[in-house]
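*Asks:* Chain residues, written in single-letter form:
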Amino acid sequence: MKHTCYIDACSYINLSQDDCYINGKTLLNLLSNEVNLKFSNEVNREIARHHNSFMPDSHERASKVYKLSNKKIKTYVDYEQRLFVKVSNTGDSDRGEKYNLIACLDDYLANQRVGLIYLTDDSKAINGILNDSIFSFPIIQIWNSFDVILFLLMRNNHFGIDIAEAAIRDINAELGKSSTPSTSHVKTQRRITIFKEYVNKAKMINKVLKR
Amino acid sequence: MRNLQEYNLKENPFQYLTAMPGINDSSVIPWSGMPKLYEKINSVYSNLYNLKPRQIILNWGPYGGGKTFAAHHFMEKEYDQEGIETLQVYIRSPKLGNNASVEFYKSILTFISFRKIRKQIQNLLEIFGEDDFFDFLHSRIRSEELVEAIILIGSGDEEVQSIMNRYVYSGLTKTELMQVNLAKNIDWGTDSIKFLSGIIYCFIGDQTRYNGRFVLWLDEMEDMIYYSQKEYRLFSQVLRDLFDSLNQYTTIFMNFTLAESEESTIELLLGNALWSRITTKIRFNDLSKQDAFLYIKEALRQQHVSDSQNEYYPFSEDLVDFIFEIIPEDAVTPREINRYLGGILSFAQNEEKEITSDLIGEYFTKLSEDN
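Top to bottom, those sequences are chains A and B. Be aware that the first sequence starts at 1, since it is given in the numbering used here, and climbs by one per residue. Be aware that the second sequence starts at 1001, since it is given in the numbering used here, and climbs by one per residue.
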C-alpha cells in the first residue's frame, strides 16, 4: 500500500528543479511513482504562481488537489478555528502549510487514511505556526526534501548512492539560495551540517541495502 | 578623544575584525602569537622557494580563526629570494555556482591586471625571443591557438592590446578575430583553464631564463556548499585542471571555514578528486588560553611606542584574564579577541580613561544596552 504524501509548495518547487535524475525525471516525478501525492487547493494556487517547465501542468496537478470530506468539520475555516484559533487570510505566508495540515487530518478523519506524510521544507513553519498542532497527531510523519531522497534510495533500485548524494547537494544548494553566503557564515555552517547529516544517512541506507 | 599614543600605542592592534589587504608593509598587519601555525605556513613558502613542488594546501578552521588574515599577511611579507619573482593572487570562491568557472577565471586575471600580464609577456618575449617563448608555452599548455593569443597580448600595438583585453575578458567579434588572426574565442571550459595556465606560466618561467613562482590563495571555499551538483562538478573540474596543469613552482592555498572539528566533512564537500590532490592540511584551531594570551601580548608589544614593563599595557594580565572569562569558550578566535579588546580600547579612548575593570564593566553595560 502506498503512502499518501501531502506536499507543500516549497517542497514541490524544490523537488522540480532539474530533470537530471534517472531518464530525465525530476525528484518529484520519482516521488510520484512511489507515493500518492496530494495537496490542498491553497498549495495548488501557490504552485501555480511558481510554475516552471519541469513541473506537471495544471491539469495534472488538479487530480492531486484534496477535497475536504469530513462530515463533521466541513470547511478550512472550521478546522483553522480548532487548530490555530486565528483564521488566515488570502496571501498569508503560512496559509499553504496550514491548509495542507488540515487536508492531511481530514483525509485521516474522513477516510481512515494511514501512512500519512506531511512534506515541507519550511522548518520555520513546523517549529512555529504548526508546532502546537502538527506534533499533537502521531499519525503524521513529517518529511523534508532530503527525506524524500532517502526514501527514493530505499525504494528505487535505479536510484543509487551517487544519485542520492548528487540530489542532496542539489536540494541543499536550492535551500541555501535564500541565504546570502557573504553575510551569513552561520547559515553556511548550517548548510554544511545538513549536507553531511544526510549524506551520512544515505551512506547508512546504502550499507544496509548493499546494492 | 584620547590619542593612542597616550596608551603607548602606535595603532590599535585589535581594530580589524577582517583582514586589510593591499597594504605593502607587513609591519602594519603583523603576525601575533600562534607560532606553530606561522611556522607551518612559512615552511610552505620555504618549500616553494627551495624545492620545486606543486603544493595544494588546505587551511581549515573556525570562522575568525585567521585564515584570511594569514593570506594577506603572507602575501604582504617580503621573502629574501634573490632572482626569484613571485606572483601572488588572492581571490574568494565564487559565491554563486551558476557562473563559477567564468568568475574564477576572470577574478584571477583581474587580480593580476591586464597591464601587468601584458608587461610580463613583453618581458619574456624580450628574454626568450618569440620562437623560444612559443616553444616554452606550447610545451606547457599544448594549444597553438592559445599560445598565439598570449603572444599577441604582448603586442606593442595599442589597438591590438585593446582587442586582446576584450579577448581575455569577454570575447571578440568575428571581425576582431580576423583582425588579430585568431580562429576563435576562448571556450569557457578547458580552453579557459589552459589559457589561464599559460598566463601563469609567464610568471613562473622556465627557471633558467626567468625564475618565478606562483601562489594562489583561494578563500571561502566553504561557499561551494551553495553549488548544485552540476555547478559543483564543473567548478571542481576547473580546479582540478588548473592544479594538474601547474605542476611545479606553484602553491595553492584553499581556505575553508568549518565550525566543527571533523576534517572528513571537508572531504565530503570538496569531493575525493580535489581532496586527493591536497598535499598538506593546516588546521587553524580555536585558541587555548595560553595561545590567546600570547596573541594579545605580542599584538600589543608590536604596537608599543616605547618598551613597557607591563607587556599587556594599556591592559594588564589580570584585566586580560577578566576579559577572557567573558569570551565564550567555543569562540576564542583572533577575531573575537579583536572584537572585545578592540572595542574596549576604543571605548577607553572615547571616555578618555585608563582601562580598568570598572571601565570594562561600563563597556559591557553600554554594549548590552545598545543591543
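It is possible that some hints are incorrect.
Quick list of in silico lysine-lysine cross-link-like pairs, DSS-like style, CA-CA up to 30 Å [to be verified]:
hint : chain 1 : residue 1 : chain 2 : residue 2
1    : A       : LYS203    : B       : LYS1116
2    : B       : LYS1116   : A       : LYS124
3    : A       : LYS187    : B       : LYS1281
4    : A       : LYS203    : B       : LYS1174
5    : B       : LYS1116   : B       : LYS1174
6    : B       : LYS1095   : B       : LYS1366
It should be emphasised that the hints constitute simulated quantities derived from the structure, not laboratory data.
*Asks:* Are there hints from earlier that the structure breaks, and if so, what are their numbers?
*Replies:* 1, 2, 4 and 6
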